[in-house]
Structure formats: structure tokens, C-alpha cells
Amino acid sequence: MAWVGYGPRVVPTVRRRSPVPKGVTLLGAWLFSLALAWVPARAQGAETDPEAISSDVGPLAPAPVDSDATLVTAPEAEDVAPALAAPTDASAVPPASPVASPSHDDANRPAKPTPPVPPSNRGIAIKTILGLLLLLGLSYLGGHPRIQHFEERLGISPVVTAGFPYVALGAIASLPAVDILSTTMLYELMPIFELGLGWIGFTVGFRFDARLLDSLPASAGSLLALNTLVPFATIVGGSSLLLLAAGQSFFDGQFLRDALILGTAGAMTGRVLPRDGVTIVDRTTRLLQLEELIAMVGLVVLGSFFRPHDSQVAWQLPGVGWLFLTLGMGATMGVLVYTVLGHFRSESEFLVVTLGSLSFLAGMASYLRVSAVAVCFIAGVILVNFPGRFHADLRATLHRMERPTYLLFLVVAGALWSFQDWQGWVLLLIFVGMRFAGKLLAGVIARRQHIGDLRPSEQRKLLVGPIGTLSIAIVVTAQDLFQGATVSWIVTAVIGGAAVTEVFVQIANRVRAVGDLPATLPPGVEPDGSIP
Amino acid sequence: MRLLIVLILLGLMHATRSFTSGDAGTPAATSLGLGFVLLSAFFAGGVFKRFGLPRLTGYIAIGITAGPYVLGLLTPSMVTSLKLFNGVAIALIALTAGLEIELQRMRPLLRSIGYITLTAVVGTVILLAITVYLARDLLPFMVDMTTLQTVAVAGVLGAVMAAQSPAVVVALRDEAESDGPLTQTVLGVVVLADLVVILLFAVLSTLAKSTFGGGAGTDDGTSDVWLTIGNLAWEILGSMVVGVLVGVLFQLYVSFIAEGGALFILTVSFAVAEVGQRLALDPLLVALAAGMYVRNVTTGGDRVQKLIEATALPVYVVFFAVTGAGIHLDVLPLVGLPAGIFVATRAFGLLVGTRIGARLAKAPDVVERYAGFGLLPQAGLALALALLFSRTFPEFGSAASALVLGIVAINEIVAPVLYRVALVKSGEAGKGKRSASRIPDTVESTPAVQTVVVAPSEA
Numbered sequence: 036m037a038w039v040g041y042g043p044r045v046v047p048t049v050r051r052r053s054p055v056p057k058g059v060t061l062l063g064a065w066l067f068s069l070a071l072a073w074v075p076a077r078a079q080g081a082e083t084d085p086e087a088i089s090s091d092v093g094p095l096a097p098a099p100v101d102s103d104a105t106l107v108t109a110p111e112a113e114d115v116a117p118a119l120a121a122p123t124d125a126s127a128v129p130p131a132s133p134v135a136s137p138s139h140d141d142a143n144r145p146a147k148p149t150p151p152v153p154p155s156n157r158g159i160a161i162k163t164i165l166g167l168l169l170l171l172g173l174s175y176l177g178g179h180p181r182i183q184h185f186e187e188r189l190g191i192s193p194v195v196t197a198g199f200p201y202v203a204l205g206a207i208a209s210l211p212a213v214d215i216l217s218t219t220m221l222y223e224l225m226p227i228f229e230l231g232l233g234w235i236g237f238t239v240g241f242r243f244d245a246r247l248l249d250s251l252p253a254s255a256g257s258l259l260a261l262n263t264l265v266p267f268a269t270i271v272g273g274s275s276l277l278l279l280a281a282g283q284s285f286f287d288g289q290f291l292r293d294a295l296i297l298g299t300a301g302a303m304t305g306r307v308l309p310r311d312g313v314t315i316v317d318r319t320t321r322l323l324q325l326e327e328l329i330a331m332v333g334l335v336v337l338g339s340f341f342r343p344h345d346s347q348v349a350w351q352l353p354g355v356g357w358l359f360l361t362l363g364m365g366a367t368m369g370v371l372v373y374t375v376l377g378h379f380r381s382e383s384e385f386l387v388v389t390l391g392s393l394s395f396l397a398g399m400a401s402y403l404r405v406s407a408v409a410v411c412f413i414a415g416v417i418l419v420n421f422p423g424r425f426h427a428d429l430r431a432t433l434h435r436m437e438r439p440t441y442l443l444f445l446v447v448a449g450a451l452w453s454f455q456d457w458q459g460w461v462l463l464l465i466f467v468g469m470r471f472a473g474k475l476l477a478g479v480i481a482r483r484q485h486i487g488d489l490r491p492s493e494q495r496k497l498l499v500g501p502i503g504t505l506s507i508a509i510v511v512t513a514q515d516l517f518q519g520a521t522v523s524w525i526v527t528a529v530i531g532g533a534a535v536t537e538v539f540v541q542i543a544n545r546v547r548a549v550g551d552l553p554a555t556l557p558p559g560v561e562p563d564g565s566i567p
Numbered sequence: 029m030r031l032l033i034v035l036i037l038l039g040l041m042h043a044t045r046s047f048t049s050g051d052a053g054t055p056a057a058t059s060l061g062l063g064f065v066l067l068s069a070f071f072a073g074g075v076f077k078r079f080g081l082p083r084l085t086g087y088i089a090i091g092i093t094a095g096p097y098v099l100g101l102l103t104p105s106m107v108t109s110l111k112l113f114n115g116v117a118i119a120l121i122a123l124t125a126g127l128e129i130e131l132q133r134m135r136p137l138l139r140s141i142g143y144i145t146l147t148a149v150v151g152t153v154i155l156l157a158i159t160v161y162l163a164r165d166l167l168p169f170m171v172d173m174t175t176l177q178t179v180a181v182a183g184v185l186g187a188v189m190a191a192q193s194p195a196v197v198v199a200l201r202d203e204a205e206s207d208g209p210l211t212q213t214v215l216g217v218v219v220l221a222d223l224v225v226i227l228l229f230a231v232l233s234t235l236a237k238s239t240f241g242g243g244a245g246t247d248d249g250t251s252d253v254w255l256t257i258g259n260l261a262w263e264i265l266g267s268m269v270v271g272v273l274v275g276v277l278f279q280l281y282v283s284f285i286a287e288g289g290a291l292f293i294l295t296v297s298f299a300v301a302e303v304g305q306r307l308a309l310d311p312l313l314v315a316l317a318a319g320m321y322v323r324n325v326t327t328g329g330d331r332v333q334k335l336i337e338a339t340a341l342p343v344y345v346v347f348f349a350v351t352g353a354g355i356h357l358d359v360l361p362l363v364g365l366p367a368g369i370f371v372a373t374r375a376f377g378l379l380v381g382t383r384i385g386a387r388l389a390k391a392p393d394v395v396e397r398y399a400g401f402g403l404l405p406q407a408g409l410a411l412a413l414a415l416l417f418s419r420t421f422p423e424f425g426s427a428a429s430a431l432v433l434g435i436v437a438i439n440e441i442v443a444p445v446l447y448r449v450a451l452v453k454s455g456e457a458g459k460g461k462r463s464a465s466r467i468p469d470t471v472e473s474t475p476a477v478q479t480v481v482v483a484p485s486e487a
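Line by line, the protein sequences give chains A and B. Number 303 in the working numbering belongs to position 268 of the first sequence; there are no gaps in the numbering. Number 81 in the working numbering belongs to position 53 of the second sequence; there are no gaps in the numbering.
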């Protein structure tokens, strides 16, 4: 038969200009797919172990070893493309997860992660998969520009307030009756958290354009020190009472660690969004952004000086060594990512190199048990200050996925929230109270010493500012790196404290914002602080 | 520059891995492995492209090089974790294949596809079964079997070894931007061959199991033919029905919502892969039916295809690199001789069978000469069947699986190169439409990358 009837198909080009860049959606899809790739086949069907969420085992730390469980992936996963299934090397014991400086509660910590339990019930597995899809989908939708716009009109745009339902969702999903976010499941989800942490760090770093320094107010350094160190000191001082009452001592590494986490998380101030949706940008805006730098310093110190002691860890360096290693790793990887980002020629290639770079960066940092947020932050700073034509696309992509990542973290925080721990609630009150006291004290000192010469509205902004969203990343990092009962309390204090503070801030601003006029933006600066 | 980046990535990975001893099966290792695989495979693909080889071979090569059996940068646990991308990958690949099957346009090819499937695929199954039977002395696990058992097992192994790879065919077609009778025929044959091989495997393994005194489909050892038939019907017909429903879902989404379509498709692909298999459906068939429905019944085929193309590249990169990392190079020396014999037999059967089938169907010359090369690649299905085989016959399944793995390993490395050469020689390479997942010569003017301008050296 002669070849007839064959001809090239004409493919009509559909070009619809979407308000959301396609690459952004794709990256959302990718965060998704990572979770998808991880969760179902490894952890579906795993039973919830309520005792595993106990106060003496870190929430994201590996769950206890089940000697009856087999060290294999669920068979169903391999049915799809099982593959030249690489044999699991039974002799090779995975190294322990990160731990803080040795302390009494680390003695019973499991040596290796819980091997996933084979599915016992197909219905449970399907329910878990669909439930996770729903949670992740809601996180994605929560970060959608239209949803954000709607929230801004209601004046609840800050991620903590808007994200509180996600905390509730996480708490509900972790209930034994629902059993979607079990301890095992959360452990299996850890790769996506680590990628999310890297994403947040990189996003924050990518906003640190050196040109922003030009718009800093006078005495910025003094103001910055005052507005971070004083609240830091008051929070540490206040929370010390509870930590000491819990049996820690001043000379305990864990005490220092917990105090550092709390102080760092509370020292930052987030941006305020008035009810009418108009962002007031004034001289303090840059200052608040610089506070994120302080948070990064805190994270680098945490990751450098509170190291795991694991027999399988081959690198034995002093804390200062880890400090320099963290800085060097961030800088080196920044240059590498810059080189890599110069090699894409289509949207899908951009997706590959962006996702690959961030995953590699965050994975490397987490593997070495330093803060993925801090390392990716440094890389982001390097990248934004290098010339390149990828800036606009990358900024849009990072910005689009920032909020869904936070919301996902809130879901996790909700799932891990130990409501029954009264110490967490007490710490919450101390945290909020001491933070306000610290901000107040800093304001008084600044006014009396005439530091910065801020207008009353600017002073109030620093005083009654909400807790920065980066605080969420800090506590998630703490959950990733450390364990112990106090980590659970810190989560309650910081996440809950952020929500409480947010409510107060909204009330205060609605009462007094009438007379405030939006200040003009410095030339060439976007409302989010970036320079296009 | 790309090679330098690959070397730097290898060095960094080696340095990072030296942090701990052991397998390092931690979540951080998964993130690290994912990032490493994405970047290194992507750039290795570029290096291979410069040497006129398929990018896909580059992805596989970097997987092999960094995998547990060569450099050991990707540990077994990392590879196992990353294999979980496979479900989404296979669903996306099947969806793409389904979207490519435009029945009206392919009608002139149906005769060729049917004949080639019969002579090449079914013929090769028979040929391989005969070869296994004749070479049984080389296969220690068959020594103690009766003649009937040997014949039955040889039949099952013939079906397993003959399997093709739509994934590789679709990926190479995309990469070579090929279109024409050869491309379409090969795609049609490998898709149909998948169905045939799955069906043959199910029937033959049921029969073979009964020769060992056990029934298929029941746990108590009693043979239950009706149950087997019912399971098969559910798997095949049920998958097709569910696939049509998924297709309706896609059509509704692209028609009424559109925004975030790539995410939606990825999510549905995941659900198809993970939920489908737990309902005893075949994800491959579900996605294939969905794609065929969207292409042939609705008007949203092109839109869905564009969304997939924009999303597919990272999935493909990870899928093929991890497949390369999972190749058991250690079994090759052990099964080298019989594996070599079966690889040669399979290639002979497929190439000659294709020629015969094409001649019988009076297919275009280009199909007769080159279509056989498109049937050589192997990947997911053969691996899946090998695993199923080892589960169905636990007494000797693992030894037989090692043999199949050796065959797949050889075909996986060599066959993509051969098919790419065939596409180039046939003149169909470069005739296809461009897509986001392909490598364009100039910059696509999509909104997200409008500002990107290729550096002269890169262009």
C-alpha cells in the first residue's frame, strides 16, 4: 500500500496570558511531585504511633525502629517501574539524624529511621494519598495571587494570620481518627521540608540586593542592633525561667540552643498590611528586611556550634570550622548556581536547573547538618548581586512559591503541635510578652538617644510589628536539626505567638492607622523590598 | 562548560558523601540525590548531544556512573527513594503516548502496526521462548524443572524479555523532534505491544504457575481460572474505563479552569500511578486511555499536550538517570553469556519480524528498514515484569530476574543510540513540532522566559 493520507499535523498555538507565569505553576507542581514521590509508596498504610509524638523525642526525628518491619519500599511502588531494584544494603546503617549537642534526652534516640511498614490496608493507603494531595493542593491554592488579593482586601494577608487554618488542618490531619499526617508520614515528607527550607532561604537572600543599602535610614546599624538585640535579650531572659524550671542549666548546651532559637525567632519583625491593602513603605522597611540578616546569623551559629555527635560522621571540625564551612559552602554554591542558571533555553529547562540547584543546595546543607535556610540565603545573596538575565523569572518564581511553602510548614507545625504540653503555652505567653517588652524598651532607648530620628508612625511600626514569617522557617529548621521536649514547646511558642501577635498588631493598626500616610518608595524599589 | 559543570557536581557530591560512612538513607540524602541527578543528568545530556548521541543516553550514563555500582555517589537507598518518581513518569509518558495516537490520522498505519506487532512482537516472544528452552543448560535455575515446567517458564521469560519501552521511544521522538510514518508506526507498535506483552505475561504466568502445583490469583494454592480472567478483565477494561473518566476530567479542566493546568496534570498523573495500582488497575493503560480519549474525542488534546511537555522534562531526567543508577552492573558478568545470546535473539527477532510485518502490510520503505530499531529499547515494563516474575515464582524468580536485568541493562545502553541513528537516517528527525520539553534552537517566547536571551556561545 502506498503511503497516503499522512501529513504533518497543524498544532494551533494557544497563547493565553496567565496572571501566573507558567514556570511558577510548574515549580509548584514540582514541590508537589517531590512530596508525591516520597510519601505514598514509602509510608502509606503506616500506622500512626501516638507515642512517637512524645515530648522526649524530636518531632521530625526518626521514629523508633520497628524490628518486624522490612527495610524495603512498599511493593506497590515498585510495581510501576520496579526496576533494577537496587539491593538494600542491610549492612549499611544510615547515619543518625541531626542532634543537638549531647544531652540527657538524646540517650534513647534511635540509631536509624523507621523502615516503612508495608501497607496493611489498601483503603488507608488511598485515603492517605488523597488526603496529602488535598493538603498540598490547599497550600498551593493558599498562595495563589487571587487568594492573596482577597485576603489583602480583608486585611489578613500576613501569612501567619491567613495561615492559621492550615495549622488547624495539620492538627486535624494528625488525629488518629484521620491518620493522614502520622509520624512516619511526616518523616517521609522531610525531603520536601528541606527543599522548602532551602527555598525560603534562597528567596530571602534573593531580595538582598546590595543597592538596597543606598536607601537605608541614618544610624541604621544602631537601630538594627537595638531592635533585634534588646528583644532577643528579653526573650532569652524570660524564657530562661521556664527552661531552667524544666531542668536545664545555664551551662547546658541545650539551654543555649533553645534560648538562641527563641531569641532569633522573636527578634524579627514582619511587615504590616493595613486593611485597605496599601503597603506603607517607609524608612523602617529596609530595616525590617535587614533583621532577616540577623536571623541568618542566628541560624548559622546554631548549625555551626550545636553539632551532632554521631559515630558515622567522618568530619570532625570545631564550631568555628563549621561556621566558615557554612559561609564558604553558601558562597561557592551561589557561584555554581549562577553558572548553572546561565544554561537554560526553555521554560522546562529553567524548571530543571532551578529545582535541581535548590534541591542540591538544600540537600547538601541538610546532609551536612547545617541550616539549609542559611546556606541557601547566602547563595541567594550572591546570585542577586551578580548580573544575569534570569533575575526577573527567578524572582517571580521564588516569590510565587514562598507563601505556599510557609503554609505547608504551618500544616506540619499543626500536625506536630503538642497541645497537651502546658509548658508550650506558658512559653508562648512569655515569648509574646518578653518580645513586646523588648521592642518597647528598644523604642524607648532609641527615642531617648535620638537614634534614627524616627517619626512616631515609624516607631510604632517597630514596636507593634508582627513576628516575621522567617520565624516559621526557623522553628521548622529547629525541628529538622534538633530534638528534645523543649523543641516542641518552642514550636508552640513561636507559631502560636506569631498568631497572637498578629491579631494584636491588626487591632492596633486599625485603631491608629487613620492618620498615617503611605510614604513613597525609594526609586526603583518594589514593595516587597526587591529591586527589579 | 557543561562537562566542567558535571565534573564539579561529581566532585561536590563526592565531598558531601564523605561526611558520613554507610548508606546515608536519610531524607537529606534524598534531596541531595534529587538535586544532583537533575543537574548532572541535565548537563550530561548536553554533553552527549554535542557528540551526536541521545540526551537520554547521557541521563542513563550519568546514572550508571554515579550509581551504586561505579562511583557509588548515589547510594542504593537514594536510588530507591528516587525511584518513586517513576510512577509519575510512567503515567506522564503513557499520557503523552496516548495523546500521540490520533486514530483518524493513524488509520493508514493501523495495518502496519497490526502486522508488525504480530510478526515482530509475538514472533519474538515465541523465538525467545524457544531460545530459552534450547539454552536451558546455561540457566542453572531451570536444571531441576520437568519438560512441561521448562516450556511454561520459557514462555513466560519470552514474554518478559520481549517487552518494549514506550518511554524511551517517546523521549527519543521528542528529543529528535521526529515525525512521520516511521515515528508514528513505532509509537503505535510499542504501545500496542505493551498491551500484548502484559496480556501474554498474565496468561502464560498463570499457566506456568499451575505446572508447579499452584494457582494464580489465589493465596490458597487452588487454581481459579475465572478469578484470573476476572482480574485480567478488571485490569484491562477497568483501566480503560477509568482512563476515559480521567480524560473527561482533563478536558473539563482545560476548558473551564486552565490556570495551573500543569500542576493539575501532574497531580492527576500521580493519583493515577499511586491510587490506580492500589485498585489493581494498570496505570499505564489508564493514562494511555486518558490520552487517547482527550486526543480523539475532545478538542483539548493540544492544550493538554503543551502542559505535559512543559512539565515532563524534569520527570524524564530523573526517571532515566535513576533507571541508569539502578542497573545491576554486578550481575552482568554472571549472566553475561546467556544475556548476550538473548539480546542477540531478541534483536534478530524484532528486526526481522518488523521487516516481515512491514512487507506484509506494504508499509513505506522507511518503516520496513528502520522500524525494528524502535522496538529494541527496553526499560520500565521489562523491569516491572521481571519483578512480577520473581514474585510469582519465588523459588527461582530472583535468579531469572537477574538474567532479565542483564538483558535490559544491555538494551538500555545500546538501543537508544541505535534508534536515534535510525530516526536520523530515515530523515524524520527534525520534522516534528517543537515543544517546551525539547531543546529549541531559539528562545521560546513564553511569558515566563520572555526575558531570557541565549548567549551566543550557547545558541
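There's no promise every hint is true.
Ranges of calculated distance between the beta carbons of each label pair, as one might list FRET restraints [as the list claims (entries may be wrong)]:
| hint | chain 1 | residue 1 | chain 2 | residue 2 | range |
| --- | --- | --- | --- | --- | --- |
| 1 | B | P361 | A | W350 | 41 to 51 Å |
| 2 | A | H184 | B | S426 | 40 to 50 Å |
| 3 | B | G368 | A | L352 | 48 to 58 Å |
| 4 | B | L32 | A | L476 | 30 to 40 Å |
| 5 | B | G80 | A | G423 | 26 to 36 Å |
| 6 | A | L476 | B | S46 | 24 to 34 Å |
| 7 | A | F285 | B | S46 | 32 to 42 Å |
Quick caveat, the hints were computed from the structure, so don't treat them as lab data. Glycine is no exception: its CB is placed at the ideal position from the N, C-alpha and C atoms.
Hint-by-hint comparison with the structure:
Between B/P361 and A/W350, the C-beta spacing of about 36 Å breaks the proposed range 41 to 51 Å. A hinted range of 40 to 50 Å is violated for the C-beta pair A/H184 and B/S426, which are about 58 Å apart. At about 50 Å, the beta-carbon gap between B/G368 and A/L352 stays in the expected band of 48 to 58 Å. At roughly 54 Å, the beta carbons of B/L32 and A/L476 sit outside the given window of 30 to 40 Å.
Distance hint for B/G80 and A/G423: a CB-CB separation of about 31 Å, consistent with the stated range 26 to 36 Å. Restraint check, A/L476 to B/S46: a C-beta distance of roughly 48 Å breaks the suggested window 24 to 34 Å. The hinted window of 32 to 42 Å between A/F285 and B/S46 holds, with their beta carbons roughly 37 Å apart.
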